[in-house]
Structure formats: C-alpha cells, structure tokens
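Trainee: In the order they appear, the protein sequences are chains A and B. Heads up, the final residue of the first sequence is numbered 634 in our numbering, and it's a clean run with no missing numbers. Heads up, the final residue of the second sequence is numbered 659 in our numbering, and it's a clean run with no missing numbers.
To be clear, the hints were calculated from the coordinates, so they are not data collected in a lab. Treat the hints loosely; a few may be bogus.
To be verified - Covered stretches of chain B, going by a simulated chain A footprint (3 or more residues, C-beta under 8 Å):
1. 510-524
2. 542-555
What the hints assert, rightly or not - Here's a subset of chain B near chain A, in silico, CB distances under 10 Å, partners left out:
3. Trp-537
4. Leu-558
5. Glu-647
Claimed, not checked - A few chain A positions that, by computed beta-carbon distances, are all more than 12 Å from chain B:
6. Pro-501
7. Leu-506
8. Ala-581
9. Phe-598
10. Leu-616
11. Ala-620
Ideal placement from N, C-alpha and C gives every residue a C-beta, glycine not left out.
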Amino acid sequence: MKTRLPWIIRLLLAALFICAGLPKLIAPQEFALIVFRYHLLPDSLINVAALLLPWLEIVAALALLLPAWRRAGALWLAGLLGLATAAIAISLARGLDIDCGCFTLTPGHSPISLWLIARNLTLIALTVWAGWSKPAPTP
Amino acid sequence: MLVRASVLLLLAASGSTALNLVRHTPLPLRGEWSRHVENKALHNGLKLLGISALQQAVKSGAPHLLDARPAAAFRAGHIPGARSLPFDLAADLLASMQIELARNQPLITYCARNDCDEGLELALFLRHIGFTNVQLFAGGLAEWRAAGGAVEVER
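Okay, chain A solo, but in the shape it has when bound (with noise of 0.2 Å):
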C-alpha cells in the first residue's frame, strides 16, 4: 500500500485538477469575469489568462501522471495554486467580497475566505510531495 500510495495521491491530485480546469476552459468569458474582480492584472492580460490558465491545469494534470514529466506537471501545479492562494490572500486583505473560482464559476458557491488559502496550501504540499517522492525499489 505505501509503495502505491504516491500514485493513488497523483492519481487523485490530476482528477481534481482536471475538475477544476474543466469548467473554466468551457466558459471563458465567465472565468475571464473572475480573473478581473480579483482586480490584480492588468485589463490587456485578463483574457490571456483566462483562456491559458485552465489549459494549464488540466496539461500539468495529465503530466502528473507521467513519470518522466511528472515534476514539471507538479511545478506548475504548485505555481498556479500559490498565485491564486496570494490572489485570494490579497482579495481578503482588501475586504473584497468575490468568488474563489476556483472549482465552479456559479456565483456565490465559492467565496473567498481563509479556510479556501488553508486547503490551497494543504494541495501545495501534497503537489510538491507527489511531484518529488521517490519511486519504490523494485524488488
């Protein structure tokens, strides 16, 4: 079991990750809407972003599940949920009352607040070990 348990974590990690890019690749404009309330880019990079960054999670999904490309899957999956856990850090600081949007885009289902930045952090961490873990000696 402890020897699969890496895999299972990758596994779980790329299915979560893959739900949660799903939604915003099919509707950009709604994403794109997200991105600007954080009122964080720059309006010439708001579209950018949300068209390119579902893309990337769901790519950095997949790669997790390949050994060779695993670490890079994992580094920019650790990437992007520290950028939208300072995102929503910096929102909360402000007092700005919006939606996470970060697994579903139907308003109010997911508003920032400290318990989203405490369960991005527990995801950081478990990225970045399922990233970097050793593979098991074969016998």
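Dock chain B against chain A, hints included.
Mentor: Okay, now just chain B, sitting in the frame of chain A:
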C-alpha cells in the same frame, strides 16, 4: 525539468489558442475591462457588493434593495424584497415622495446583469443627491438567478 515545464506551457498555449479560434464566440485576447461597469464604479468610489453579501442582506431583510430597471422588467421578475426605482424616473419618484428613504440608510442598487449601466447610474445619482451609504450589486438579476436565488414576480 524546466525544459519540460516550458513544453507544457507551449502545449497549453497552443491548445487554448486553437480552441478559442473554433469557439462560436471567441474570447478576444484583449478585453474592454476598463469600460466594465465594476471598474467605473470603483473609479467613482462606489462600494461593490458581492453575491454572498447580497444573499445575506436579502435573508436579513435589512437594507433597501433598489431595482434600477424599467418598471415592466421589475414586474416580470426581481430580487425578493426589492423596490422599483427606474434610473430615468428616480429624480421624479424621489421628489414626489412616492419613495421615501432616509439619507443614511444602506441602499443597494442593481440592474439586469453585469453589462448594464442603470444600477451604476442610479447609485451615482443617489450618492450625488446626498445618500451616504449606497452600494452597487454589479452582477444584477442575472447573477442572482445564476446563484440559485428566487425571483419575485408582481401580479
């Protein structure tokens, strides 16, 4: 690892560009966000209200919610507890005392969705004539509905 990370970025960029090109309504790479109603509100010093805060406000029933759309649109469906104050008639309705509001009362304005201007214009007008606690719910009735909110219809 950095080379592979760059390849992943290239793959994502190619995929997003290709999919956007074949979309029925592609997202323009450069959006007109500076003209967005929420940006205009912030530049005018108005406070924006998010959907979760509005849901709580409607539940508690405390602040006055003002629908800035035309009266016919209001009658067809509005956020529960809202009062109709069409932007173009606001001055007359307030002057004729058909609508009485205290100057320091919390007021929330909204219109149809996040690309309409009446909610913003009404909020700015109310602040201009002396109301001190005006907020804009920029998502409008569309965002309220999308969040699963009930709609009241006038019979």
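Trainee: Against each hint, give a clear statement of whether it holds in the structure.
Mentor: How the hints compare with the structure:
{"no.": "1", "hint": "510-524", "result": "holds (count 11)"}
{"no.": "2", "hint": "542-555", "result": "holds (count 6)"}
{"no.": "3", "hint": "Trp-537", "result": "4 Å, holds"}
{"no.": "4", "hint": "Leu-558", "result": "8 Å, holds"}
{"no.": "5", "hint": "Glu-647", "result": "5 Å, holds"}
{"no.": "6", "hint": "Pro-501", "result": "17 Å, holds"}
{"no.": "7", "hint": "Leu-506", "result": "18 Å, holds"}
{"no.": "8", "hint": "Ala-581", "result": "19 Å, holds"}
{"no.": "9", "hint": "Phe-598", "result": "15 Å, holds"}
{"no.": "10", "hint": "Leu-616", "result": "22 Å, holds"}
{"no.": "11", "hint": "Ala-620", "result": "19 Å, holds"}
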